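Novice: With chain A's structure known, arrange chain B on it following the hints.
The residues making up each chain are set out below.
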Amino acid sequence: MSQAALAYRFIEERLGIDLKSADAATELATLGVDSLTLLELMFEIEEKLGVNVGENTPPPRTCGELAQLMERVAAGKTAVDGA
Amino acid sequence: MSARRVAVTGLGMVSPVGTSAPASFQALLEGRSGLQLLEPAEAPHPLAVPAGVCADFDAGAALGKPRAATMDRYSQLGVAAALEAWRDAGLAEAPGEDRSQWGVAWGTGMGGALTFERGYREVYAAGRERLAPLTVVQAMNNACASHLAIQFGLGGSCATYSVACASAAMAIGEAFRRVRSGAAPVMLAGGSEAPLAYGVIRAWLALQVLAPGDAASAASAGKPFQRQRAGLVLAEGGAALVLEDWARAEQRGARIYAELAGFGESSDHANLVRPSRDGQARAVRAALADARLAPADLDYVNAHATGTREGDAVEIAALRAALGERLPQLHVSSTKSSLGHPLGAAGALEAAITVLALHTGDLPPTLGAAEALGLAQATGCRSASLKGVSWIRSSWSRATMAAPLVCLPRAPSASAWVWSTSMASSPVPSTVSVIINSISVKPPRPRRGSRLRFSWSTRPLLDSSCGPARRPAAPGPRRNPASRSIRRRRHPRLRRPPR
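From first to last, the protein sequence lines stand for chains A and B.
This note's numbering puts the first residue of the first sequence at 14, with every later residue one more than the last.
This note's numbering puts the first residue of the second sequence at 200, with every later residue one more than the last.
Same shape as in the complex, but just chain A:
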């Protein structure tokens, strides 16, 4: 399984959100994902995939931004690098 697929599956397991089919404009807050949840999520992504999201990464606000972040993380780039 590719890194991106792992990341997507992880999001689905933890948040119950299918990023592939989710509306990119949907705000994470409306799905019950707050800043603390994101903080925990990023930590787990880093541990699970062995990547570094980057301390200065702006937190994603929408499903679309979360999907972009997962793609960048899966490609081995930090969000800051990819921005």
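Fair warning: there could be bad hints in the mix.
[Unchecked claim] Chain B side only, calculated, beta carbon under 8 angstroms to chain A, not exhaustive:
id, residue
1, Ala258
2, Gly259
3, Gly263
4, Pro265
5, Arg266
6, Pro332
7, Val335
[Claimed, not checked] Using 30 angstroms as the maximum straight-line C-alpha spacing, the simulated DSS-like pairs for lysine-lysine come out as follows:
id, chain 1, residue 1, chain 2, residue 2
8, A, Lys61, B, Lys264
9, B, Lys264, A, Lys33
10, A, Lys33, A, Lys61
Derived by calculation from the structure, the hints in this document are not laboratory data.
Predicted, not measured: the structure shown is a model, and the values here were computed from it.
C-beta: ideal position from N, C-alpha, C; glycine also.
Specialist: What follows is chain B alone, placed relative to chain A:
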């Protein structure tokens, strides 16, 4: 502020025998055991102990995955129970109210024990340098209460009580006082516990108070009041009660399950683990005095009875000391025989069970309690102390029960005072001085000439009595077609003078 009456208008529970209050209570009436053999995963040394596990509880389904992911399991159990209670009280659909004085009082003994264990594993066993960012806010003892205040918009008191096995009983008592004094019109009260971490179990084993068992005997490992009792069974669970100013509850047409009538507490000031008869009796007397009741007004005791050698015996002695001649007429049962001991949450589960027992007229049994008559000898009490409990042998044989003897107390008498004691004085590793709490609950006053109806069948009753919230107010306990009708004796203490 003048004293107000305190109504119980909502109940919720997640227990080893059910994921809701009605399901749990029904399972108790049917004599089901929620105890099983627990073998913790990733244990550095093999370990298997009987435990009360909420195996059917799905936190993601109950709370939503994002919310569940921010919580330790003790908070998940507590918030799920509170959500049920809130909906049950019909408060979930009443937004826009001023809730700045509403509050939450929560009890837990060990808080986020599983989160602590996970953290220690990471830093010590796995040698990791950093920990998950939510470790602190998941593990802290006030996490669950904080989640509840946020969830329901409660702007008043938000306090957590941690007094070992009396934690939730203490929380309910303090919430009761706030509503009675007029400080809060509505309080959410209860407790939750999730202590089934490998290290925690090892610690309890070291204290030598856990009941042994294997796969075949685990379901009946808890033996409260039995001569062969060999210890308590650790359990997880959560329960919540919505306490509400009586007049307010009546005004909005809420269903009122029962009245919380009194609360008492005491400290043994003697020993960290050895309970004291006199200390417990003081708490019982204090609760009676607070409720302006006499021992003769009581009909049922949901005992703390954890199944330890010393604790159960002392508890019976304390009840004898406090209740005297009334004890032989009392119905006594320990639902820990089915649920195990959820430590700081015990008082909440048992208060909810007691309220339902009063509301439906069905008393939950002590599993295997035919053997409990041996308690008289085991405790040195005269057998008369248990005469009031009429044990009925049943041959219900369930595959999960190695000892399929189920005993049911008699139907309650018409006076219907119910008493629930929650005592933190059994031999448990209370690291605080021993504290005892008692809660006494009494039913709503029926209209003049009305009848209370009791049933003690084990048929399902809860579909009619614990249905969805927003049910129109009933004047008293709901009628069950199979129930017996007993004319309620007019009780002089019903007409309490104003405080």
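Novice: The structure should be examined with respect to each hint, and the outcome stated for every one.
Specialist: Tested hints:
Here the hint on Ala258(B) is broken, as its CB sits about 12 angstroms from the closest CB of chain A, past 8 angstroms. Because the closest C-beta pair between Gly259(B) and chain A is about 7 angstroms apart, less than 8 angstroms, the hint holds. Restraint check, Gly263(B) versus chain A: the minimum CB separation of about 5 angstroms is within 8 angstroms; hint holds. Taking 8 angstroms as the C-beta contact cut-off toward chain A, the hint placing Pro265(B) at the interface holds, the least distance being around 4 angstroms.
A distance limit of 8 angstroms between C-beta atoms decides the matter here; for Arg266(B) the minimum to chain A is near 5 angstroms, and the interface restraint holds. Using the Cβ-Cβ criterion of 8 angstroms, the hint placing Pro332(B) at the interface with chain A is satisfied: the shortest such distance is roughly 4 angstroms. Using the Cβ-Cβ criterion of 8 angstroms, the hint placing Val335(B) at the interface with chain A is not satisfied: the shortest such distance is roughly 11 angstroms. Proposed proximity of Lys61(A) and Lys264(B) is supported: the alpha carbons are some 19 angstroms apart, at most 30 angstroms.
Of the supplied pair hints, the one linking Lys264(B) and Lys33(A) holds, its CA atoms being roughly 18 angstroms apart against a limit of 30 angstroms. Note on Lys33(A) and Lys61(A): the hinted pairing holds, with a Cα-Cα distance of about 20 angstroms set against a maximum of 30 angstroms.
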